[in-house]
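Undergrad: Sequence:
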Amino acid sequence: MTTLDIRGLHAAVVDDETVTPILKGVDLTVRSGEIHAVMGPNGSGKSTLASCIAGHPKYRITGGSVTLDGQDLLAMPVNERARAGIFLAMQYPVEIPGVSAANFLRSAAGALRGDPPRLRAWVKEVNQAMALLEMDPAFSQRNVNEGWSGGEKKRHEILQMEVLKPKIALLDETDSGLDVDALRVVSQGVNRSVQAGLGALLITHYTRILRYVRPDFVHVFYQGRIVESGDATLADTLEGDGYARFGLRDEPAGGRS
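Here the sequence shown stands for residues 91 to 347, where the numbers follow the numbering used here.
No lab work stands behind these hints, which were simulated from the structure alone.
It should be emphasised that the depicted structure is a prediction, and the values quoted were computed from it without experimental measurement.
Cross-link-like lysine to any residue pairs, in silico, SDA-like; alpha carbons within 20 angstroms at most:
id : residue 1 : residue 2
1  : K255      : N193
2  : K257      : Q278
3  : K255      : R210
4  : K114      : G133
5  : K255      : H126
6  : K255      : R208
7  : K148      : D105
8  : K148      : Y182
Taking CB as the label site, the calculated pair distances span:
id : residue 1 : residue 2 : range
9  : V189      : V168      : 15 to 23 angstroms
10 : N217      : Y302      : 21 to 29 angstroms
11 : V168      : E215      : 22 to 30 angstroms
12 : Q285      : A228      : 26 to 34 angstroms
13 : R274      : P167      : 31 to 39 angstroms
14 : D326      : N193      : 38 to 46 angstroms
15 : E215      : R150      : 35 to 43 angstroms
16 : E185      : R97       : 35 to 43 angstroms
17 : Y302      : D106      : 36 to 44 angstroms
18 : V184      : D271      : 21 to 29 angstroms
19 : N217      : R173      : 22 to 30 angstroms
20 : R150      : G237      : 31 to 39 angstroms
21 : E215      : K148      : 30 to 38 angstroms
22 : N132      : T152      : 17 to 25 angstroms
By construction, the Cβ of each residue, glycine as well, lies at the ideal position given by its N, Cα and C atoms.
Whenever a hint applies, use it, and build me the whole structure from the sequences.
TA: Laid out in structure tokens, this is it:
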């Protein structure tokens with residue numbers, strides 16, 4: 091059983107000489123096999139939370155703790171957090187010109203495991219995962235995210251998650267920009283990994299993905315902290331009522347990105 095434990099987390103974004111507080115005391119625990127959906131209006135700090143856990147240098151931790159099975163994640167550089175089992179599926183995946191998807195995945199696996207996986211077995215594993223995600227095998231020879239559609243980029247993020255097998259996945263608006271078919275395929279990939287023991291923190295504006303990936307817990311994020319938590323029915327309530335009771339009256343849940 092893996093446990094990601096966040097206690098009293100405060101963080102700020104640093105821009106030149108300016109330090110702007112974003113997270114203002116976040117408490118959250120994610121365990122193996124659990125799906126936690128984090129919802130909330132734009133600018134509430136949801137993506138900042140994922141970035142701070144993963145170790146993005148843009149953010150400064152000003153208080154609190156983040157541990158993974160008792161290990162202090164905040165004391166680790168980004169690569170060690172990945173080796174410990176943290177995975178971030180980016181909201182906006184970056185292009186890597188000149189690096190094929192196949193080489194990228196095998197290099198990442200080697201960095202995590204200490205040695206590159208045996209080529210024949212690795213190719214078979216990746217091709218099986220790509221088939222489940224309805225990706226053409228020729229896709230692996232294309233440069234990472236270069237000229238890819240939004241759906242292709244998000245499927246590739248889930249492909250990484252499935253073959254690298256992290257302990258905890260931070261899925262930052264993985265549903266953004268997906269059509270119905272891509273949303274179904276990506277959601278199935280998330281569900282497969284969770285059934286295999288992955289703990290998932292799913293950040294989303296939209297309730298539509300939660301019809302495919304049913305969360306165990308839903309957390310409402312507002313002004314840098316969690317203001318309400320509940321089961322999957324909380325997402326249904328938010329879809330109907332929006333965030334009015336938290337002070338924001340013009341943005342329904344699932345209405346605007």
